[in-house]
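Colleague: Taken in sequence, the protein lines are chains A and B.
The first sequence begins at 1 in my numbering and counts up by one.
The second sequence begins at 298 in my numbering and counts up by one.
For the record, the hints were derived by calculation from the structure and aren't laboratory data.
Among the hints, a few may not be true.
As the list claims (entries may be wrong) - Okay, derived cross-link-like pairs now, DSBU-like style, lysine-lysine, Cα gap no bigger than 30 Å in a straight line:
hint, chain 1, residue 1, chain 2, residue 2
1, A, Lys155, B, Lys427
2, B, Lys375, B, Lys403
3, A, Lys134, A, Lys144
4, B, Lys494, B, Lys451
5, B, Lys375, A, Lys289
6, A, Lys130, B, Lys403
7, B, Lys403, A, Lys155
8, B, Lys375, A, Lys144
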Amino acid sequence: MMKLSLGPILWFWSRQTVFDFYANAVEWPVDTIYLGEAVCSRRRELKPDDWLDLARDLKACGKDVVLSTQTLIESEADLRRLRRICDQNEFVVEANDQSALQVAIRNNLPFITGPSMNVYNVATLKVLAKQGLKGWNLPVELGKAALAQLIKGLKEEDLDVPAEVFAWGFLPLAWSSRCFTARHYNLPKDNCEFRCIEHPAGMELRSRESQELFRINGVSTLSGSRYDLMRELPEMERMGVSTVRLSPEYQGLEEVVKRFDQVRRGVTPTTDPLQLVEAPPCNGYWYRKPGMDLVGA
Amino acid sequence: MELVCPAGSLPALKIAVDNGANAVYFGFRDSTNARQFAGLNFNDKRAAEGIEYAHLRGARVFCAINTYPQPDGWEQWKGAVDRAASLGVDAIILADMGLLDYAANKYPDIPRHLSVQGSATSHEALSFYKDNFDIRRAVLPRVLSLDQVGSVAKHSPVELEVFAFGSLCIMAEGRCYLSSYLTDESPNTRGACSPAKAVRWQETPQGLESRLNNVLIDRYGHGESAGYPTLCKGRFEVEGSVYHAIEEPVSLNTLDLVPELQELGISAVKIEGRQRSPAYIADVARTWRHALDNLESRPEEFTVEPQWRSTLASLSEGGLTTLGAYHRKWK
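For reference, chain A alone in the conformation it holds in the complex (with noise of 0.2 Å):
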């Protein structure tokens, strides 16, 4: 049966929110936390030890937990919490850019390449297989052709490293060293009072006509629509598929999780897929199509 797991928290939520979601999450039926933050230095609600403590509480409960990095690596102090991160043994990194992979490297830490690692072809999961791959991520703009020829080309090559796929939550789509949400507010990035706190869904970047684009989110941007790979879930078993992600939002995920949990279990949930914030659902990417296209609703 396929694994569901949870990504990182992309969002900047208050410290005893973040300790409440997991307290949740504890008891839902997911396989694997990816614990830590991934988009911004400046977020410190908690620290690499708190992060490290609630690995463990989690890991003694009975999931597998991951520590994710940074996906922007841009100063010194963003390398020394990166080291800080892989300077342990008892856990998986999630490796969000090559910096991760050259320390995890180094330490010989086992690693998974996150959703924005470019990993587009079988001789790049080679190249990373021979380093210590455990697990790999699909680039979200890639679709289930590009996966099923992913996974055909690993077996090819004998290389036994299970794949994940991004199947449910606001698309990480770019990174910037600009801080989108604190140029809303006029603050410069160095001193952005911390206003990513105020907005734990983002902040809806809107057309003139009203269509939601994106959602803006402190230096990441994100798909103003949530991807939704329930229905796919069957056929990713059959692909071959190892662990299905869904990425975590403040409230309402519980419902999401046992929906996709009844699912892999080849469950028909009784009711529609549940929408808790106000935003439409797309598929796009999975069909080669443009991401925010909805097909076959």
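Since chain A is already given, all that's left is putting chain B on it; use the hints.
Modeller: Frame of chain A, contents of chain B only:
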């Protein structure tokens, strides 16, 4: 420092060389490079002619194969590396780890440069590419401040090339899927951002509208100059305010930083713009040649001449330039 200029066509290549480029970079006429534009880029015959022209005049030629091949494109991308090798280029600019591995094994003697699309923003990342694929040089993404560039340079195991002038990518290159989210084509997959096939212009009672796959990117009032609808440079609404929520249409210009870049040990400055006309390339290359020669001959007295400034401003988007992320306040 070396001046590296774009060549979207043979006339552009020749004019860049004639106006003082130390090196030019080009791509093949397909999606194997990150600047796929209709009517631009090179077939093998034109590339051979360009390489001969440049080599006779002492300039080097780099071939950019810097998009990410998906499994069904692998043979084509691998073939592009083979073509570049047989043409006798001085370096291949690559982003994909699989292709870097292929090139390093099959053509160990042809230098490999890490493309800006390879998204290496730290010396640890550069060490990864050096250790695994023995790259000689890397182009840094346009997201680092000058201090940060200095810190990377201090520990870098390879030569560094930085962007000097041209369009400003606000997102870390190689990690931006905004374009494929709207249009299905992105720099990584197809070498296209906000591709022309998805653009539509429409005169309406509210003004001139630009659309990308039917999404309204911008609406211009009377007399307002309209830019290409690159989606991150449109005007959008956030919490009731309409503004350039991601970035204004401006160009990057780092002329003022040239002495500092030299001081940091940067090996090359790169001009963006394979989509630009030969006349544009001539003006930009000549201006930067003057500046670099000036720096070389009188490093202590380097100042940016007003003439250079006005030439470059006249070639910039909206007549505006920025130091971009090199300047921390920009953020």
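Colleague: Each hint needs a verdict: does it hold in this structure or not?
Modeller: Hint-by-hint comparison with the structure:
| no. | hint | result |
| --- | --- | --- |
| 1 | Lys155/A / Lys427/B | holds (29 Å) |
| 2 | Lys375/B / Lys403/B | holds (10 Å) |
| 3 | Lys134/A / Lys144/A | holds (21 Å) |
| 4 | Lys494/B / Lys451/B | violated (43 Å) |
| 5 | Lys375/B / Lys289/A | holds (25 Å) |
| 6 | Lys130/A / Lys403/B | holds (18 Å) |
| 7 | Lys403/B / Lys155/A | holds (24 Å) |
| 8 | Lys375/B / Lys144/A | holds (23 Å) |
In summary, the structure is inconsistent with hint 4 from the numbered list given earlier, while agreeing with all the others.
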